[in-house]
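Student: Next come the chains, spelled out residue by residue.
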Amino acid sequence: MKVKSLSFLLFYCFLLSCTKEGEFTTPLDENPSIANSLLLKNGIFSPTSGMTVSGIAELRKRSNEHFVRLENFNISSGPDLKVYLSKSDTPNEFVNLGALENNKNEYAIPAGVIIDEYSYVLIHCQQYDHLFAFAKLN
Amino acid sequence: MKYLILFLSLVSIPKIYAQGCSDAGICTITNSPKNDSIHFKKNSIEVGYIFGKGLEDVIYNNGFLAYAYTFKKNWSLNSRLTYNQASGSFGTLGRLGDVFIVLNYNKELHKNTSIKASFGLKTPLSASNFKIKDIALPLDYQASLGTFDALFSVEYIYNKWSFDAAFQIPYWQINRNSYFDEYSDSNDFPTTNLFRRKPDVLIRSGYTLLTKNQKWLFKPNIMAIYHLGNDMYEDIFGERQTIENSKGLTINASLISELTINSNNSLRLNIAAPLVVREIRPDGLTRAFVLALSYQRKF
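The listed protein sequences derive, respectively, from chains P and D. Taking the working numbering, the leading residue of the first sequence gets 306, the next gets one more, and so forth. Taking the working numbering, the leading residue of the second sequence gets 274, the next gets one more, and so forth.
It is worth saying that the hints were derived from the structure and are not from the lab. Note that the structure is a prediction, hence the values are computed from the model and not measured. Don't take each hint at face value.
[Unchecked claim] EDC-like, lysine to aspartate or glutamate: derived pairs with alpha carbons at most 20 Å apart:
hint: 1; chain 1: D; residue 1: K406; chain 2: P; residue 2: E326
hint: 2; chain 1: D; residue 1: K326; chain 2: P; residue 2: D394
hint: 3; chain 1: D; residue 1: K471; chain 2: D; residue 2: D508
hint: 4; chain 1: P; residue 1: K392; chain 2: P; residue 2: D434
hint: 5; chain 1: D; residue 1: K406; chain 2: P; residue 2: E328
hint: 6; chain 1: P; residue 1: K346; chain 2: P; residue 2: E411
hint: 7; chain 1: P; residue 1: K409; chain 2: D; residue 2: D458
hint: 8; chain 1: P; residue 1: K392; chain 2: D; residue 2: E512
hint: 9; chain 1: D; residue 1: K404; chain 2: P; residue 2: D394
hint: 10; chain 1: D; residue 1: K404; chain 2: P; residue 2: D421
hint: 11; chain 1: D; residue 1: K404; chain 2: P; residue 2: E376
hint: 12; chain 1: D; residue 1: K406; chain 2: P; residue 2: E411
hint: 13; chain 1: D; residue 1: K314; chain 2: D; residue 2: E381
hint: 14; chain 1: P; residue 1: K346; chain 2: P; residue 2: D394
hint: 15; chain 1: D; residue 1: K520; chain 2: D; residue 2: D458
hint: 16; chain 1: P; residue 1: K325; chain 2: D; residue 2: D330
hint: 17; chain 1: P; residue 1: K409; chain 2: D; residue 2: D454
hint: 18; chain 1: P; residue 1: K409; chain 2: P; residue 2: E422
hint: 19; chain 1: D; residue 1: K488; chain 2: D; residue 2: D330
hint: 20; chain 1: P; residue 1: K441; chain 2: P; residue 2: D394
hint: 21; chain 1: P; residue 1: K325; chain 2: D; residue 2: D407
hint: 22; chain 1: P; residue 1: K441; chain 2: P; residue 2: E422
hint: 23; chain 1: D; residue 1: K488; chain 2: D; residue 2: E531
[What the hints assert, rightly or not] Quick list of simulated restraints, FRET-style, between CB atoms:
hint: 24; chain 1: D; residue 1: Y378; chain 2: P; residue 2: P352; range: 36 to 46 Å
hint: 25; chain 1: D; residue 1: I524; chain 2: P; residue 2: S351; range: 47 to 57 Å
hint: 26; chain 1: P; residue 1: L345; chain 2: D; residue 2: E552; range: 15 to 25 Å
From the three backbone atoms N, C-alpha and C, an ideal C-beta is built for every residue, glycine too.
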């Protein structure tokens with residue numbers, strides 16, 4: 306019986322969820338200056354039903370690279386929020402710019418994307434396929 | 274001596290990577306080294322630790338708890354709960370992995386010949402989308418593949434030889450992984466956003482050696498796993514993409530050593546390493562070396 310109890314105890318120790326940052330997951334202070342970038346379009350975020358959001362989405366250009374910048378941004382928490390550059394206010398035709406991160410406010414747009422075709426920025430929960438917020442770029 | 278050479282050759286294979294056992298489930302469905310009619314008990318529990326060396330700098334420290342119940346002469350039910358912890362450049366992530374339930378049927382055909390059929394289900398305990406500090410992690414770091422799988426196997430045992438064939442078929446995939454190679458600081462792992470996995474088929478052969486006092490058992494195995502199709506993911510434009518060269522053959526070799534302490538207690542050591550690998554393994558089944566130690570108690 307002792308052995309059985311010990312086995313369970315050992316296994317219980319294993320069950321403890323553990324998470325530790327590594328080289329690629331240590332948050333960086335990614336708030337580069339906007340002084341050397343050009344504002345192309347911007348829009349104010351609106352929430353979808355039941356969500357709260359505040360802030361502005363900006364489409365900017367630095368050298369030959371385009372990116373989306375989130376200014377004064379706050380949103381309801383979600384399990385798997387992504388930043389989409391979208392052709393409409395629903396996630397049908399979009400470019401996934403990656404995970405929304407707490408300490409990051411610039412999201413690079415991959416080269417080759419035809420910027421003029423996209424006029425919305427969406428915040429979308431990919432895991433549960435639920436739209437949280439959208440901003441029309443004007 | 275020849276088994277010592279086999280053992281040494283297994284542990285000294287340098288820098289080759291393959292689908293390792295104990296990950297997807299297919300490798301362990303019929304991994305029973307001994308026909309235990311001598312020490313028969315209705316119940317058994319097993320607790321185990323598995324060390325694995327994965328792709329690049331990923332190290333695995335996994336555990337499992339298993340319970341088996343023989344409810345009729347030829348019928349038994351096995352269950353297994355896994356815990357998987359991966360450590361590497363993305364950090365350390367440890368979570369419960371999957372639950373396995375396997376129904377077994379054993380039949381002795383002749384004195385030294387028996388057959389065993391198994392049917393099992395694997396249930397994932399996550400959608401394979403754990404993150405560290407909001408940063409998506411490749412499947413190599415995820416505790417589960419996020420697939421509900423059906424497992425089928427048939428094992429034929431003749432004297433000291435065993436031969437088995439098995440299928441692992443994902444019938445419902447809830448994988449919501451969101452790792453993009455494009456947006457990652459690492460270049461070592463392929464994009465697996467909303468990953469979809471194809472089935473596997475396995476063929477294995479083993480030879481059982483038992484010492485005269487029946488205390489020690491050694492069973493070298495050779496195992497071929499064929500991944501039946503190219504896996505898929507969703508790209509940054511929301512389009513499904515095929516991961517070319519993710520289908521193909523893996524061949525693993527393993528050596529099981531088992532010490533029977535007494536009629537109720539035994540220890541098992543399983544060492545495994547790949548000989549042939551698939552070109553691309555986006556599912557993270559990339560063990561270069563696996564060492565599993567487990568303790569079993571019957572009651």
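Student: Which of the listed hints are broken here?
Tutor: 2, 9, 10, 11, 15, 18, 19, 24 and 26
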